[in-house]
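The primary structure of each chain is shown beneath.
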Amino acid sequence: MSMARDIPAETTMTDEALLALYAAGDPVAARTLTLRLAPRVLGFAARLLGGDRAEAEDVTQEALLRLWRAAPGWRAGEAKVSTWLYRVVSNLATDRLRARSRHRQGALDDAPEVADDAPGAVAQMIEADRQGALARALAALPDRQREAVVLRHLEGLSNPEIGAVLGVGVEAVESLVARGKRALAQALAGQREALGYEGD
Amino acid sequence: MNDRDLDRLLAEARTTPALTPSDDFLSRVLADALAEQPRMAAAVPVAPQAAPQRRPGLWAALSASFGGAGLVAGLGCAAMIGLAVGYNNPSALTWLTDDYLSTASGIELVPAADIFMTEG
Chain C
205 MSMARDIPAE TTMTDEALLA LYAAGDPVAA RTLTLRLAPR VLGFAARLLG
255 GDRAEAEDVT QEALLRLWRA APGWRAGEAK VSTWLYRVVS NLATDRLRAR
305 SRHRQGALDD APEVADDAPG AVAQMIEADR QGALARALAA LPDRQREAVV
355 LRHLEGLSNP EIGAVLGVGV EAVESLVARG KRALAQALAG QREALGYEGD
Chain X
3 MNDRDLDRLL AEARTTPALT PSDDFLSRVL ADALAEQPRM AAAVPVAPQA
53 APQRRPGLWA ALSASFGGAG LVAGLGCAAM IGLAVGYNNP SALTWLTDDY
103 LSTASGIELV PAADIFMTEG
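Residue numbers (our numbering), protein chains in the order written: chain C, 205 to 404; chain X, 3 to 122.
No wet-lab data here; the hints were simulated from the structure.
Hints are supplied without guarantee of correctness; some may be wrong.
What the hints assert, rightly or not - Pulled a few chain X residues facing chain C out of the computed Cβ check, cut under 7 Å:
#1 R16
#2 L21
#3 L32
#4 A35
#5 L36
#6 E38
#7 P40
Unchecked claim - The calculated label-pair distances, taken between Cβ atoms and stated as ranges, are:
#8 R16(X) / P346(C): 18 to 26 Å
#9 G400(C) / R41(X): 16 to 24 Å
#10 D9(X) / D347(C): 17 to 25 Å
#11 A280(C) / A62(X): 52 to 60 Å
#12 P346(C) / R41(X): 38 to 46 Å
#13 R16(X) / N295(C): 18 to 26 Å
#14 R41(X) / V372(C): 36 to 44 Å
#15 P19(X) / M217(C): 34 to 42 Å
#16 T18(X) / A344(C): 18 to 26 Å
#17 N295(C) / R6(X): 29 to 37 Å
#18 R41(X) / G373(C): 15 to 23 Å
#19 D9(X) / A344(C): 42 to 50 Å
Claimed, not checked - Sample of chain C residues lacking proximity to chain X, with all beta carbon distances greater than 12 Å (derived):
#20 E220
#21 L237
#22 P243
#23 E282
#24 A283
#25 W288
#26 L296
#27 T298
#28 D299
#29 R302
#30 R348
#31 E365
Keep in mind that this is a model prediction, so the values were computed, not measured.
All C-beta atoms in this analysis are idealised placements derived from N, C-alpha and C, irrespective of residue type, glycine included.
Produce the entire structure from the sequences given, and follow the hints as far as they go.
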């Protein structure tokens, strides 16, 4: 007889509680965790990898595979699932970026295509250009600075949470974020008008 | 680019979903999850626990040796009636026993047997 319970995807159960149910063999928990974690992890991986869908999906699938395998030995209260996943994705993405830089230089300059006959095409192009420029500038940052800026400003984590992901103290996080933002501003300095910021 | 522009750009990026997972991708992730999931402990039917063995009591042993409780009860009842009759010597049955005993005392199974035992 199945013990499956009907857990809605928007359940208020914590990731850790769901993971415990998953480890106990509950198939509904497997589905709920997949629907909750996969979009979040994919978005983070894509931001670290400059928007490359194929690589972001590979990294996400690998990170979640490691989570499924770690579930039976997961000790409640020891680590947050989200923190653990951010750390694994950061490491996997860093490996990918290093391998990518060894094999091809400057492969991140392919900004998303926008149909120029669509309504609001100029605005969409500017928005796409902005996000493309940001992705390229982020990709050019040193690994730790990129991870700190993405976690702080795109994922919305607090400095202590980022410290837990990166394994450093809060002061080091603040330093990484500040240096990363300065480097971003410098990288984008020459594109201000092209990105539609003139006169703002 | 100044700090204000950079903060606006980062805020825009934060509200823009980087990628939306496709159904095919979610299916692959879910397939991994189910393949790696520990199997749910199978529901083992609980066998009814055997009652603890108890040593038979004296009464049970006696009744078993005499062929069961019914026979023992019958024997006990007959014994009690026998004791009662022997002790009270009830006169209520004399109408039956007197007639039977008086008749029986007069019966001679071999009436002329003494004829053959006489000498002469």
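Status of the hints after comparison with the structure:
{"no.": "1", "hint": "R16", "in the structure": "holds (5 Å)"}
{"no.": "2", "hint": "L21", "in the structure": "holds (4 Å)"}
{"no.": "3", "hint": "L32", "in the structure": "holds (5 Å)"}
{"no.": "4", "hint": "A35", "in the structure": "holds (4 Å)"}
{"no.": "5", "hint": "L36", "in the structure": "holds (6 Å)"}
{"no.": "6", "hint": "E38", "in the structure": "holds (4 Å)"}
{"no.": "7", "hint": "P40", "in the structure": "holds (5 Å)"}
{"no.": "8", "hint": "R16(X) / P346(C): 18 to 26 Å", "in the structure": "holds (21 Å)"}
{"no.": "9", "hint": "G400(C) / R41(X): 16 to 24 Å", "in the structure": "violated (56 Å)"}
{"no.": "10", "hint": "D9(X) / D347(C): 17 to 25 Å", "in the structure": "holds (23 Å)"}
{"no.": "11", "hint": "A280(C) / A62(X): 52 to 60 Å", "in the structure": "holds (56 Å)"}
{"no.": "12", "hint": "P346(C) / R41(X): 38 to 46 Å", "in the structure": "holds (45 Å)"}
{"no.": "13", "hint": "R16(X) / N295(C): 18 to 26 Å", "in the structure": "holds (23 Å)"}
{"no.": "14", "hint": "R41(X) / V372(C): 36 to 44 Å", "in the structure": "holds (40 Å)"}
{"no.": "15", "hint": "P19(X) / M217(C): 34 to 42 Å", "in the structure": "violated (24 Å)"}
{"no.": "16", "hint": "T18(X) / A344(C): 18 to 26 Å", "in the structure": "holds (20 Å)"}
{"no.": "17", "hint": "N295(C) / R6(X): 29 to 37 Å", "in the structure": "holds (33 Å)"}
{"no.": "18", "hint": "R41(X) / G373(C): 15 to 23 Å", "in the structure": "violated (42 Å)"}
{"no.": "19", "hint": "D9(X) / A344(C): 42 to 50 Å", "in the structure": "violated (19 Å)"}
{"no.": "20", "hint": "E220", "in the structure": "holds (16 Å)"}
{"no.": "21", "hint": "L237", "in the structure": "violated (7 Å)"}
{"no.": "22", "hint": "P243", "in the structure": "violated (5 Å)"}
{"no.": "23", "hint": "E282", "in the structure": "holds (19 Å)"}
{"no.": "24", "hint": "A283", "in the structure": "holds (19 Å)"}
{"no.": "25", "hint": "W288", "in the structure": "holds (16 Å)"}
{"no.": "26", "hint": "L296", "in the structure": "holds (15 Å)"}
{"no.": "27", "hint": "T298", "in the structure": "holds (17 Å)"}
{"no.": "28", "hint": "D299", "in the structure": "holds (19 Å)"}
{"no.": "29", "hint": "R302", "in the structure": "holds (21 Å)"}
{"no.": "30", "hint": "R348", "in the structure": "holds (18 Å)"}
{"no.": "31", "hint": "E365", "in the structure": "holds (16 Å)"}
In the structure shown, a violation is registered for the earlier hints numbered 9, 15, 18, 19, 21 and 22, in ascending order.
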